[in-house]
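Student: Sequences and hints are given; from them, build the entire structure.
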Amino acid sequence: MDKQLIYQPEPADAVPLTCLSVDHDGKRAACGTTEGPILLIDLEEGTVLKILKGHEDIVSKVRFLKKGKHVLSSSWDGTTRRWSLKKGKKEPKMLKHHTEVKSLAIADNENKGAAGGRDGEVKIFSVEHMKCIRNMQTDDLNVSGLHFADGDSQLLSVSWNGSCRIWDLKEYDLLSTLREDKKRIRCLGTTPDDTRVILGFHTGDIRVFPVEDPSTSFTLEGHTDPITDFTLLSDTRMVSSSSDRTIRLWSLDREKKLKQAKLWSGVSSVEWCPATERLFTTDFSGSLLAWSF
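Read in the numbering used here, the sequence shown has 201 at position 201, and its numbers run on one by one without any break.
Derived by calculation from the structure, the hints in this document are not laboratory data.
Take these hints with a grain of salt, some might be off.
To be verified - Per label pair, the in silico range of CB-to-CB distance: (1) Asp194 to Glu277: 17 to 27 Å; (2) Thr34 to Ser176: 31 to 41 Å; (3) Phe293 to Asp173: 35 to 45 Å; (4) Thr216 to Thr34: 14 to 24 Å; (5) Ala14 to Lys67: 31 to 41 Å; (6) Thr99 to Gln4: 30 to 40 Å.
Said to hold, decoys possible - Straight-line alpha carbon distances no greater than 30 Å define the calculated DSSO-like cross-link-like pairs of lysine-lysine that follow: (7) Lys112 to Lys27; (8) Lys256 to Lys182; (9) Lys112 to Lys170; (10) Lys96 to Lys53; (11) Lys112 to Lys67; (12) Lys112 to Lys69; (13) Lys67 to Lys27; (14) Lys27 to Lys87; (15) Lys90 to Lys66; (16) Lys67 to Lys87; (17) Lys86 to Lys53; (18) Lys96 to Lys69; (19) Lys90 to Lys50; (20) Lys259 to Lys183; (21) Lys87 to Lys53; (22) Lys96 to Lys131; (23) Lys69 to Lys131; (24) Lys96 to Lys67; (25) Lys50 to Lys3; (26) Lys69 to Lys53.
Every value quoted in this text rests on a predicted model; they were computed, and no experiment measured them.
Even glycine gets a Cβ: it sits at the ideal position worked out from N, Cα and C.
Tutor: Below, the structure written as structure tokens:
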């Protein structure tokens, strides 16, 4: 894997980057930081286009909306925010939570979002108005991952308590539990067709569950520190990132590692951009890198 340095702050200004989202055209990246500001970075020039200021603690997730005019973010400051990237628009719309917000997901139609907190509560909210539609107590510990599925009629949740659950968003009832033990889950992913659920653990293991038959799950081993993120290149290939300073390319069909690369510091986030066919990573040194295969 060939890498290109896109952005690196001056040593005196270095702040760890915590999360990443690339816009639909692959021209801009939104990067969250440990101190609260969100950096909007030009991926061609490597320059900071804009700094979104308002969060007062670690930014846990950022997501571009499809048209690229807005960014959603969640933070340990107990808020989820919707930022306008238009000139003159400064104040974000805000949804308040009772505790730190650890996870964020957006429905495919972008009408609804879901944000999960340290207390195990998930808020289903209107993306346009940033108003809560429903509070769901999905777990009793950190909700570490969320994903809308089945035409946005279902929600997957994972938690530090080791559970992975599927919820109905019409009646807001629990449909099924894919797994439940005490092994801490750090992140959640799915294949594009939602037929397989991918879980990243605090131990560095990755487990892949076919939704129709969870008993046929398999484990991808190799990382030695917590899994921080996943990104799917296709139905059969995935890249994972970890605090162990590596990213790894996996074949889900062959159940094996294909490639790996080592970075300068722990990797906080990874995202594949289909428009440019490049992979992007953020890390705790404050750097944004691009990768080609």
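Student: Which hints, by number, does the structure contradict?
Tutor: The structure conflicts with hint 4 only, although it agrees with all the remaining ones.
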